[in-house]
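There are 2 protein chains.
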Amino acid sequence: MNGENLDCIGKNITVIGGGVIGASWAVVFLSAGLNVTISDPADGIDEKVKQYVTSALSELSIMGDGLYVSDTLIKKLRFEKNIARAVQYADFIQENGPEKESFKVNLWSEVEKYAPSHTLFLSSSSGITATKQSVSMSRPERLMVGHPFNPPHLMPLVEVVPGEVRDSGLVAQALSFYNALGKAAILINKEIAGFVANRLQAAIFKECIYLVQKGIVKVDELDDIMTSSLGIRWATGGPFLSFHLGGGHDGFLHFLEHLAPEMAVLWEQQEQCDVSFDDETRTMLMRQIDDTYGLHTVEQLEEKRNIKEISVLKSLRQ
Amino acid sequence: MNGENLDCIGKNITVIGGGVIGASWAVVFLSAGLNVTISDPADGIDEKVKQYVTSALSELSIMGDGLYVSDTLIKKLRFEKNIARAVQYADFIQENGPEKESFKVNLWSEVEKYAPSHTLFLSSSSGITATKQSVSMSRPERLMVGHPFNPPHLMPLVEVVPGEVRDSGLVAQALSFYNALGKAAILINKEIAGFVANRLQAAIFKECIYLVQKGIVKVDELDDIMTSSLGIRWATGGPFLSFHLGGGHDGFLHFLEHLAPEMAVLWEQQEQCDVSFDDETRTMLMRQIDDTYGLHTVEQLEEKRNIKEISVLKSLRQ
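Sequences listed follow chains S and E, in order. Be aware that the first sequence starts at 1, since it is given in full-length UniProt numbering, and climbs by one per residue. Be aware that the second sequence starts at 1, since it is given in full-length UniProt numbering, and climbs by one per residue.
Pulled out of the complex, with its shape left as it was, chain S reads as follows:
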């Protein structure tokens, strides 16, 4: 982590919303030595967040990011339900409230009244753009989407999506702050539904459902195909690099000349594939998910998956 970039934002972070995304963001900030104020109206939020933070910090320790002494770091975590008091000393705000446009619009016009004038406003929203969230703000360029990949304390990606009114200095500040925290912050140039990662997920998942629907493979086989091929490849290099290398010595040019025509044929077929979440599809998918993953609770499966993700992340750092 780059201490200089961290300093250039300030030491006080306010996390609005203490659900799993907010709590995981708190871990990111705490583990960088920053002060975190959580603002969430829910009863008992303190205990829930502290429990999450303690367990997530031990995951980060496994990852080798220093041995986090939860007790010391948790002293830098406080809770303040009143939004005016929660943001009054904030240098940076990460919002993880309900995915409702009206909620966010009201929130930001309130926050803008009470936060210092230098504070950056970032929303974790996956679907409500900064342009929409900032309609009642007097300086809308202070607000951007900072969409993490779940869970934020493990996954590097943060999609930074400024609104139509933007300030390139503030955009650069948000990117460099996230990067200083060890994240991989990527600027998404234009507001588009789903941003990038969720659009990629949607595109591939349609084909996944199609292949299961047609009886080509079952849900567990499709998942095994992914983890034993494309997943490993894409953990180490993205799709463009992969096809650049798949072309041999001539790289992407070879791909364009020899492999792209076959891909275009697949696209034509895929465009005609009728896939929807109708009742039949839902029932079929639920049954196969249950057959495949039903022996364990979601929490057990998640713990196993996180351990594997930590292991992969660790291996990629070497």
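A few of these clues could be false.
Identical chains share a label here; the pair holds if one copy fits it or two copies do between them.
Below, in silico cross-link-like pairs of lysine-lysine (DSS-like), each with a Cα-Cα straight-line distance of 27 angstroms or less [what the hints assert, rightly or not]:
#1 K132 - K218
#2 K48 - K304
#3 K113 - K76
#4 K304 - K314
#5 K11 - K48
#6 K308 - K50
#7 K113 - K11
#8 K132 - K214
#9 K218 - K190
#10 K132 - K190
#11 K190 - K214
#12 K11 - K76
#13 K75 - K11
#14 K308 - K81
Calculated directly from the structure, the hints in this document are not laboratory data. Everything numeric in this text was worked out from a predicted model, so none of it was measured.
Following the hints, position chain E against chain S.
Then chain E, alone, in the frame of chain S:
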């Protein structure tokens, strides 16, 4: 590796075609202690294959699959251009010849004349089905596609795709042999263009090109998004497991009720995205690939990528 299953096939493997796929398959078989005969009419094939095998065996050593003494293993590698002599003692044949239907049809009817009656015939073809390749065979059920993910000696996936005439005993034998070699062999139930992994790649790559074309992100940013999010996730769990876990306590049911509707909206938008490999797109992609990856040769980039892949594969075994 499961010695019993290996024994049930036999010790003699013939690899037809000694290009990079064939040479990489040779590494898989040699490292399991099997005898490998390479049949390829090209001049100088012996030296090329030996060079590839030596370097790939050292990659496997890094992966911790035992310390491979190339000299000992390479003694089990021989070369035989004459196809009749190359297959006469084969227990298992892995074909990696040119992707031409007529070539493969002729090859297999020749091979069938000279190979022992118990020999299994597997083709690495990514596009020509077993049904098409076997039209001149008297026992077409002996031939299946065994499509690896590149490079076969590192990537676990083998898509096993029997033709329309199939024998479930032989299918099971092929699957268990590949699995005994440490591969992840998955049965693809019906012949479909692109099988599974390449269809998934095609579906996502269309969206990748669309996003770059629209100026949402550049090629390098798209690749970074993949490696810092979905790649890590899919190296550890496939798309179905990922959405099962993404739904929290209620798992996939939560996904269907709360996230699937938004995904269906993205599908509608994506269906209308016009993407093709026209001249403008090719030029734009080549320029960005060059800007991003042009500083290094394909070979240098491939070496780096392989090291990362080995590291990820190693981490997933723990």
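Cross-check of the supplied hints:
When the C-alpha separation of K132 and K218 is checked against a cutoff of 27 angstroms, the pair qualifies only between copies, where the shortest distance is 25 angstroms, while the shortest distance within a copy is 40 angstroms. For a Cα distance limit of 27 angstroms, the shortest separation of K48 from K304 inside one copy, 21 angstroms, qualifies, whereas the shortest one across copies, 43 angstroms, does not. In this assembly of identical chains, K113 and K76 lie within 27 angstroms of each other by CA distance solely inside one copy; the values are 25 angstroms within and 77 angstroms between copies. Both within a single protomer and between protomers do K304 and K314 lie at most 27 angstroms apart by alpha-carbon distance, with minima of 16 angstroms and 17 angstroms respectively.
In the homo-oligomer, the alpha carbons of K11 and K48 lie at most 27 angstroms apart inside one protomer (24 angstroms), although the nearest pairing across protomers, at 59 angstroms, exceeds that limit. Taking CA atoms no more than 27 angstroms apart as the test, K308 paired with K50 passes inside one copy only; the shortest distance there is 24 angstroms, against 35 angstroms between copies. For a Cα distance limit of 27 angstroms, the shortest separation of K113 from K11 inside one copy, 20 angstroms, qualifies, whereas the shortest one across copies, 77 angstroms, does not. In this homomeric assembly, K132 and K214 come within 27 angstroms of each other (Cα to Cα) only across copies, at 21 angstroms, whereas the closest approach inside a single copy is 40 angstroms.
With identical chains, the CA atoms of K218 and K190 are at most 27 angstroms apart between copies only, with a shortest distance of 12 angstroms across copies and 37 angstroms within one. For the identical chains of this complex, K132 and K190 are intra-copy neighbours only, at 13 angstroms inside a copy versus 47 angstroms across copies, given an alpha-carbon limit of 27 angstroms. Taking the closest pair of Cα atoms, K190 and K214 come within 27 angstroms of each other only across two copies (9 angstroms); inside a single copy the shortest separation is 36 angstroms, beyond that limit. For a Cα distance limit of 27 angstroms, the shortest separation of K11 from K76 inside one copy, 10 angstroms, qualifies, whereas the shortest one across copies, 64 angstroms, does not.
For a Cα distance limit of 27 angstroms, the shortest separation of K75 from K11 inside one copy, 14 angstroms, qualifies, whereas the shortest one across copies, 64 angstroms, does not. Neither within a single protomer nor between protomers do K308 and K81 lie at most 27 angstroms apart by alpha-carbon distance, with minima of 36 angstroms and 45 angstroms respectively.
In summary, the one numbered hint that this structure violates is 14.
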